[in-house]
Amino acid sequence: MTGVPVSWFLTLSAVLFVLGVCGFLFRRNIITVFMSIELMLNAVNLTFITFSYQLKQVNGHLFAFFVMVVAAAEAAVGLAIILTVFKNRNTLNIDEVNSMKN
Amino acid sequence: MDVILFLVFAIIAVVCAINVVVQNHPISSAISLVGVMGSLAILYLLLGAEFIAAAQVIVYAGAIMVLFVFVIMLLNAGAETRKGRSLMVQAVGVPLAIALLGSLAFFVQRLYPRDMVHFGGFQGGSALAVGRALFTTYLLPFEITSILVLIAIVGAIVLARKELD
Amino acid sequence: MLDSFIVISLIKVFVVFAVLMTTLAYLQWVERKVIAHIQVRPGPYRVGPHGLLQPLADVIKLITKEDLVPPYVNKPLYLAAPFLAITMALLSISVIPFGPAIQVAGHRTLMQLTDLNIGVVFVLAVSSMGVYGIALAGWASNNKYALLGGLRSSAQMISYELPMSLAIAAPLLISNTLSLRELVERQSGSILSWNVLHGPFPQVISFIIFLIAAFAETNRVPFDLPEAENELVAGFHTEYSSMKFASFFMAEYANMITVSSMATLLFLGGWVAPWPAQYGSSLVPTLIFAIAGLVALYHGVNFSRKRDKYTLPAFGVIFLIIAAVFLLPMVQSWLLPLFWFCAKTGMILFAFMWVRGTLPRFRYDQLMSFTWKFLFPVAMLNLLVTGFLVAWTTK
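Residue numbers (our numbering), protein chains in the order written: chain A, 1 to 102; chain B, 1001 to 1165; chain C, 2001 to 2395.
Hints are computed from structural coordinates only; laboratory data are not their basis. Certain hints may be false.
[To be verified] DMTMM-like mimics (lysine to aspartate or glutamate), calculated; alpha carbons at most 20 Å apart, straight line:
1) Lys1162(B) with Asp2058(C)
2) Lys56(A) with Asp1115(B)
3) Lys2033(C) with Asp2058(C)
4) Lys2033(C) with Glu2252(C)
5) Lys56(A) with Asp1002(B)
6) Lys2061(C) with Glu2252(C)
7) Lys2012(C) with Asp2115(C)
8) Lys2033(C) with Asp2308(C)
9) Lys2061(C) with Glu2031(C)
All values derive from a computational prediction rather than experimental measurement.
Using the sequences and the hints given, assemble the complete structure.
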C-alpha cells in the first residue's frame, strides 16, 4: 500500500473532534475548555483539507484559512474576556461563575 | 513511506490531544495542543497543503498558542482541583462520546473506502494557487474577515486595559 | 537514485552542522574582539594567538561546569526549553542556500540542505516557534525574574514579527517567489538588480525595517532588556547552567546568522557579485585577502607587541595562500559565490556587533510603543507603496 486511504484522515479528524468535545464538556477550568474548542477547530480544518485533496480543488484550503483567521480573532477576544472574569471573580473554575450577580 | 509518516504523526496528534483533555495543569494542556498543531501541520504537508501548513505553524502554533501560554502565565492558573467533577457525568458521557466517534468512523468508512492519498498527489496547494483564489473568488470573505479581525483587536484592547479611574 | 540522495543529504547535514558549530564559536570571538576594539582595549588576547583559542576554552569551561538542576523547577519544561530553542534555531538554517548548484564527485547537488518552495514562510514559521523556548524557560524556572524576563522577551519577539513579515513581503512582491533559491536567481546580474536597489521601488525602507526587527527578534542590543545583566539578573536563563545555558547562547547566535542570511538573500542578492564576472569581480576576493596578508606581514615586521613577531607573519602567509586559492579556476565556480554570500552576511553580522558596542538599550515600554506605533505603520505603508508601484509597472 503506497498511499494512505482518505478515510484514515477523516477518522483521525473525527477522533480529534470527539476528544475536543469531551474536553469541552468534562473540564472545569475555563482555559482548558477554550483549548478544547481550538482542538475541535483544528479537527475541522483537517477535514476541509482532506476533502480539498480528494476533490483536487484549492477551495478547501481557503476555508481552512478562514477558519484559522476567525479562530485567531475568537481566541483574542475570548482570552480578554477570561482575563476580565478572572479580575472580577478571582477564579478560573466555570462552576463558580454561574451567576450574573457579583 | 507515506503510511509510516501518517501513522507516526497521527499517533502523536492523538496522544497529545488526549493529553490536552486529561492534564491537570493548563500549561501542560497548552504545550500538548502545540504538539497537536505541529503534527497536523505535517499531515497537511502530506496532503499537499504547503501554504496552509506554514500558516498553521505561524498563526495557530506560533501566535494563538503563545497567547494562551501568556494568559496562563499571567494569571498563574494553578492545577485544577478535583472537587468540581462529577463521576456520573463522566460515566454516562464517555460511552456516548465513544458512540459518537464510532458512528462518525463507520459513516466515513462506508462513504470513502477506496481513494488514496499520496505525497505529491495534489499540486494545487501552493502559495500561488491559494493567493489567486483568495483574491479572486474569495475576495469578499477576505475583506470581511479583515474587518472581523479589526473588531477583535478593538474588543480585546477595550476589555483588557486598565481602568483609568 | 534514492540512496545517493540520502547519502548526499547526510553528508551535507554533517558539513553544515560542523561548519555552523565552529562559526558559532568563532562568532563569539569576533564579537568580543569587535566590542573590545570599539572600547579601545585588546579583547581576548592570551589564549592562543590573538585569543583564537578562547572559544575552545569557553567550550571546555561550559562543558565541565556543574550541571545544576534546581529542585524547585518544573522539570519537564525546564529540560525541554533549551532543546526547543536550539532545535528551532538550527532548523531555520536548513533552508538557507549558500551558493549555486555544484558538482561533487559526479553528482550534481545544491549548496543548500533542502530547497522548499515555501522557504521564506518556513523560516518565519520556525522563528515563531522559537518564542516557546524562551517563554517556557521563564515559566519553568519558577523564579520571578526569569518569568518576567521570559514574558517580556516573548512579547517583544511576537510584536516584532509583524513588521518583519511586512518588510519581507515587500521584496517578495518584486521577486514573485517564496523559494529562497529562486529569490537569489531572480536578483542575478549586478548590484542594480539586487532587491534593495531594484525595481519600481528600491527596498531600502524594507531593508532597514527588517534589520531593526531582526535586532529585536534575536534579543540583541538595543532590544536586549529581557536578558540584560543589570536589569533582571539574567532574565529568562537565570536558573540555567553549563550546557543548557550554552544552548541558549548558541540559539541566539544561530538566530543571528539566520536573520543575517535572510537579509542577504532577500535584499542584497545572495551570492551574486556586485558586478558581473567579466568585468573582474572574481579578482575582488583575491585582492582583499592579498591586502590583508600584506598588512599582516607589515605589522609582523614592525611589531608592537612581543608576541606578534611570530603570529602575524604566519597569518600573513595564510592570507596570501587563501588569496592564491581564489585564483584557481576549478574551485572558482563554488568558492566565489560562497565568498560573496559570506561577505555580505558577515557585513550584516558586523553591523550587529557594531550596534552592540555603540547603542544603549531601550526601556521596555519604549520598545513596545516603537513597534506598534511607528514600525508597524511604516512597514504597512511601505508594503502599500511597493504593491501599488509593482501593479502599476507590470503589464
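Legend entry - List of violated hint numbers, smallest to largest: Number 1 - this is the single hint that the structure violates.
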